[in-house]
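Undergrad: Residue-level listing of the chains:
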Amino acid sequence: MSRGEPGVVVAGARLVWRRQRVLWWVYGVNLLLALPAALRASMSFGGVLNSSLAGERLVKGFDLTAFIELLAQPEVSPAQLLMGSFVFSFLFFVFFLFATGGVLEAYRRDQSLGAGEFFAACGGFFWRFVRLLLFLLIALVPVGILAGLLSRVSGRLASDAPREMLGFWVELGGFLLLWVLLVAIRLWFDLAQVRAVAEGERAMRRTLWRALKLTAANFGSLFWLYLRITLVAWAGLALAAWVWVKFVPAESVGLSFLLGQAVVLLWLATRVWQRASETLWYQRRFPPAPPASAPSA
Amino acid sequence: MQPRLRAVPPKVFALVSVLAAAALVAAAAPAPELPPPAASTFTPDTPLSERVVAYQIEARLDTEKKTLEATETLTYRNRTGRPLDLFAFHLYLNAFQPQSTFMREVRQGSPDFEWKEKYRGSIEVTRLEVVGQGDLTGKMEFIQPDDGNPDDRTVFQVRLPRPVPHGGEVQFKIAFRAQLPEVLARTGYKRDFFMVGQWFPKVGVWWRGAWNCHQFHRNTEFFADFGTYDVKVTLPQGTVVGATGVEVGRQPNPDGTQTLAFRAEDVHDFVWTADPSFRVVEDSFTGGLGPVKIRLLMQPGHLAQAPRYLQALQGTLRLYDRWFGPYPYTQITVVDPPHGGFGAGGMEYPMLITASTTWWMPAGLLLPEIVVEHEFGHQYWYGMVATNEFEDAWLDEGINAYVETKVMAALYGEETSVLNLWGMTAGDARLSRLQYRAVPDTDPMTRSAYEFMSGGAYGTVTYAKTATVLRTLESLIGEETLRRALQTYFQRYRFTHPTEEDFLRTVEEVSGQNLGWFFDQAVRGTHVLDYQVRTLRSDRADWHEENPPEEKKGETLFRSFVVVHRKGDFIFPVEVEVKFDNGETVREHWDGRDRWVRFRYEKKARVVSAEIDPDHKVWLDTNLFNNSRTRESHRRATRKLAQYWLFLTQFLAQWLAWLA
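These protein sequence lines map, in sequence, to chains Z and G.
Just so you know, we're using my numbering here: the first sequence kicks off at -6 and counts up by one.
Just so you know, we're using my numbering here: the second sequence kicks off at 4 and counts up by one.
A few of these clues could be false.
Said to hold, decoys possible - So, partial list: chain Z residues that the calculated Cβ filter (under 7 Å) puts toward chain G:
1. 30
2. 34
3. 54
4. 56
5. 57
6. 85
7. 240
8. 242
9. 246
10. 261
11. 263
Stated by the list, open to error - Keeping only pairs whose Cα atoms sit at most 25 Å apart, straight-line, the calculated PhoX-like set for lysine-lysine is:
12. 620/G <-> 53/Z
13. 582/G <-> 620/G
14. 68/G <-> 119/G
15. 176/G <-> 142/G
16. 582/G <-> 53/Z
17. 570/G <-> 582/G
To be verified - Computed far set for chain Z versus chain G, every beta-carbon distance over 10 Å:
18. 101
19. 109
20. 166
To be clear, the hints were calculated from the coordinates, so they are not data collected in a lab.
A virtual CB, placed ideally from N, CA and C, is assigned to each residue, including glycine.
Generate coordinates for the entire structure from the input sequences, incorporating the hints supplied.
TA: What follows is the structure in structure tokens.
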């Protein structure tokens, strides 16, 4: 296979577009699960702001000192608000883990799945993906240890090395390498999921082992595939931030909301775009067996 | 991680995590014109101060061992009005030992602080001779006037065989050896960088009939008499050196060292710094007394920040010159510490300040500017108006913090003087207020620095509360009057050691008002100021009728009332602005003496809103959100914040889903 395989990324985007119902469902659940957290924040902030003229400092611009003072009000509990957001984020994570089987099945078949088929696929693969998640967490432990070591070493260099900036560059380079390692692990487990769905595999350790070999043998092209799509997400975020700072009036809620939702949709889209592209990449290497034809009369 | 030991406004370190690119905010409108300062008494040949002390010091720095070998000749002029036979000296470097009072207090405030040998510093007097009275080395006695800690050796006293008469002079010849610590708090080294402050035996101040010579504490700074310094420093060639005073001589030595000579007049301290990596950036400012040479000693990695330092310094020099009086010295040096040496940053010395920045500092985060402004401000409040930093820390830190908010507002905008990034703004005065309201009631401003409840309380009260008190004082006497009072205070007390009463009396004198009631609560007390609009209501006057006519705007009579409640114990007169739905506005005045007040109205209009302090001048109020109340809900702010929270939750969720 040629390095880079640009066709896969574009084809993946087209696949996401054709099966966009998948994306809209994921986005819809993301929005729905976040709404209670926002509602709770609304009630909390509203208890202070709704009858106070001091809120104007947060409407016309964003006075950070006013916001910090707001968080210190007894009616507002930042810890509880954050916990609420985290709980709902965790629920979305569980949903996404559950939905991944159905998403990959929809991309594998490149067909609209009925609700029954979709959720059957979700349910069928859910516990296998839970097992994969546990393996993923184990795989992340050494990454965490390396990150801690890097932090300690770079801190010591920053403090003691003759060259002032050495610690900084070591930390920057180290975290870059750690990021590549994280991407590699993510790719490995992405492929394991794709393979599990493609082959109907039940043995997750075997799937993991084969996915590892596949990832290692094709790391360059897979990394490039993943990176390009990731760059689209970051570019979109940067563009949205620029538009928000330059053009969205400080008092605007509607425009600000639309821009925020566009960013969320874009990031979810790039994630499913990666899954679609991985699925297509796998199918090109391991085409599915053609269905058995009926014997001729 | 080293605990925060530097007495720089904590808010300076509060915003370093914000990233962005943003435009620099244009300067705000220029400050209003003040009457010109009184005719200057400065002439090049006239001493500016009493010159109680004259130091001549020769020191040799061993850059490998981080030690100093030095000799000091101190000529002390007895102007105390009585004969003196007892003298007290500071040995500040002895604070950097594990059992010193300083280190005990560090550990008390930061239980996770770990002692390391590299933090050890010391100063040992190897010989002390008094000219005409012999060798008194054996007569030196360590004392601990503040806490009786026998392990603290930051103060010693020596009794002379014969007293020095009033008007007479005594000359001390001292040999000493100093070990510099790795920089933890102001003084020390980091790699090849040396910041050498509080490094020589320094005589105390005879003040109010006794020696004022405190031990060195975690929260205290310094207090010394004005005089002259002639200092020679020998160190390796190729080292770039900065110091208090001006360089008056330089001589290369055959052994690869160089000896630099400095002279400083009418200052009360002498510091110097050395680093072969310094990059020198020079500029000048022309003030009321002529040109001032500006010398920046920058780290190579921070060179791009030099224009920011210069712009802030030039602006501050200009405003101080205009508002208070000219900077009288011919030079100001700004030192930029290296990474890891930030313990030396954010500090003031006569004619030399240390700043602080990192290799990457977005233009919309004005931390370098604030540090430069603040530390230069100390040239006036501490450097020239030399208050006792042990006992009256608020008189230099607090007044300086207040003027800092004015200067930063004038140069960078009232609401954008600290932060202007990604649509977020923060003004220096508001940050000060925020910091103050976190700890509003633990210690009075007049407390001695080493007696505060904690380091945090010290920082909050001496810097932020004082600045906020003075901002509130503006509402009583006017901004112009307060500035005039500060100008008068500066011009009257520069090159002396004024006290709390000198400052407060000057404010009352210039304002023509008796402000004792305010100072008793704000300065000497710990009263908390908090007013709230507790209730706001409009009722139809015909509420009791069985079939009242339909409400008609402008015709139906309403009885309205507004209840304002004083929640805190600080009594302060306030204005209350009440608005009605017919466009009418009423301003009420309340002296705040009672706990609450009810304003009643009978109008053909409903009350719409009530706001305490509508001009937003009472900065001491600890809660701005309860200062107003509206009859109807306005959900714009809530909707905006809820929408932000929604986005953050969604974004967090999709990040978490990366694990799935």
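Undergrad: Hold the hint about residue 85/Z up to the distance rule: shortest CB distance to chain G must be less than 7 Å.
TA: holds (4 Å)
Undergrad: Is the straight-line distance between the alpha-carbon of residue 582/G and that of residue 620/G 25 Å or less?
TA: With a Cα-Cα distance of about 19 Å, the restraint between residue 582/G and residue 620/G holds, given a limit of 25 Å.
Undergrad: Can you verify the interface hint for residue 30/Z: is its Cβ closer than 7 Å to any Cβ in chain G?
TA: holds (4 Å)
Undergrad: Next item in the hint list is residue 34/Z. Is there a CB on chain G closer than 7 Å to its CB?
TA: holds (4 Å)
Undergrad: Taking 7 Å as the limit, does the beta-carbon of residue 263/Z come near enough to a beta-carbon in chain G?
TA: violated (10 Å)
Undergrad: Does the nearest C-beta of chain G fall within a distance shorter than 7 Å of the C-beta of residue 242/Z?
TA: Hint on residue 242/Z: violated, closest Cβ of chain G at ~10 Å, above 7 Å.
Undergrad: According to the definition I'm using, a residue is off the interface if its beta carbon is farther than 10 Å from all beta carbons of the partner; does residue 109/Z meet that for chain G?
TA: Fine: 22 Å to the nearest Cβ keeps residue 109/Z off the interface.
Undergrad: Against chain G, run the beta carbon of residue 56/Z and see if the smallest gap drops under 7 Å.
TA: Result: holds, 6 Å to nearest chain G Cβ.
Undergrad: Check whether the Cα positions of residue 176/G and residue 142/G lie no farther apart than 25 Å.
TA: Holds. Residue 176/G to residue 142/G sits at ~14 Å (cutoff 25 Å).
Undergrad: Hinted pair, alpha-carbon criterion (25 Å max): residue 570/G, residue 582/G. Please report holds or violated.
TA: Roughly 23 Å between the alpha carbons, so the hint for residue 570/G and residue 582/G holds.
Undergrad: For residue 101/Z, is the shortest beta carbon distance to chain G beyond 10 Å?
TA: Residue 101/Z is indeed farther than 10 Å from all Cβ atoms of chain G, at 18 Å.
Undergrad: A closest beta-carbon separation below 7 Å is what the hint needs, so does residue 57/Z meet it against chain G?
TA: Interface hint status for residue 57/Z: holds (4 Å vs cutoff 7 Å).
In this structure, the hints that do not hold are numbers 7, 8 and 11, in rising order.
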